[in-house]
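Colleague: Sequence:
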Amino acid sequence: MTDRALWIEQRVANDGPSALVAYLLWFFLGFFGVHRFYLGRWISGLLMLILFGIGSALTFLLVGYIPLALVGLWWALDALLIPGMIATDRAFLRMRLMRESGGY
Numbered sequence: 001m002t003d004r005a006l007w008i009e010q011r012v013a014n015d016g017p018s019a020l021v022a023y024l025l026w027f028f029l030g031f032f033g034v035h036r037f038y039l040g041r042w043i044s045g046l047l048m049l050i051l052f053g054i055g056s057a058l059t060f061l062l063v064g065y066i067p068l069a070l071v072g073l074w075w076a077l078d079a080l081l082i083p084g085m086i087a088t089d090r091a092f093l094r095m096r097l098m099r100e101s102g103g104y
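Quick note: the sequence shown uses full-length UniProt numbering, first residue 1, plus one each step.
Hints are not guaranteed to be accurate.
To be verified - Cβ pair distances, simulated, as ranges:
(1) S101 x L61: 55 to 61 Å
(2) E100 x G72: 50 to 56 Å
(3) L81 x L58: 24 to 30 Å
(4) S18 x S56: 16 to 22 Å
(5) L73 x F28: 17 to 23 Å
(6) L20 x L77: 16 to 22 Å
(7) R99 x I50: 31 to 37 Å
(8) I43 x T2: 36 to 42 Å
(9) S56 x A76: 17 to 23 Å
(10) I66 x A87: 30 to 36 Å
(11) E100 x F27: 18 to 24 Å
Read the hints as simulated data drawn from the structure, not as lab findings.
All values reported here derive from a predicted model rather than from experimental measurement.
Quick reminder that beta carbons are idealized off the backbone N, C-alpha and C, glycines included.
Generate coordinates for the entire structure from the input sequences, incorporating the hints supplied.
Modeller: Shown next as structure tokens:
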């Protein structure tokens, strides 16, 4: 590897999202979509937060359990999707750094 490639990989490792942080946010604050905000998926994170809020507000009418069930399913599926989101973010960061450093 060249010095430039090593520098890029070091920057990707340092500046890219952390899987540990993403999974901790997913586990403890996942129903609020915080892990999605951390991974740069603002729209889906906001949608998850809104669904959770609506579901929580409407549980006394018994219809709130439907959006809460959707958020719960989404939360469970995100456990499988987080590694792919991290890989995508790191790939975009790597490509941006290559362009900025005079590569490709």
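Colleague: Each hint should be assessed against the structure and marked as holding or not.
Modeller: Here is how each hint holds up against the structure:
1. S101 x L61: 55 to 61 Å: holds (57 Å)
2. E100 x G72: 50 to 56 Å: violated (41 Å)
3. L81 x L58: 24 to 30 Å: 27 Å Cβ-Cβ, so the 24 to 30 Å window holds.
4. S18 x S56: 16 to 22 Å: violated (29 Å)
5. L73 x F28: 17 to 23 Å: Cβ of L73 to Cβ of F28: about 18 Å, so the range 17 to 23 Å holds.
6. L20 x L77: 16 to 22 Å: 20 Å Cβ-Cβ, so the 16 to 22 Å window holds.
7. R99 x I50: 31 to 37 Å: Roughly 36 Å apart at Cβ, these two residues keep to the hinted range, so it holds.
8. I43 x T2: 36 to 42 Å: Because 38 Å falls inside the window, the suggested range holds.
9. S56 x A76: 17 to 23 Å: holds (18 Å)
10. I66 x A87: 30 to 36 Å: Given range 30 to 36 Å: holds, Cβ gap about 32 Å.
11. E100 x F27: 18 to 24 Å: About 35 Å separates the Cβ atoms of E100 and F27, which means 18 to 24 Å is violated.
In this structure, the hints that do not hold are numbers 2, 4 and 11, in rising order.
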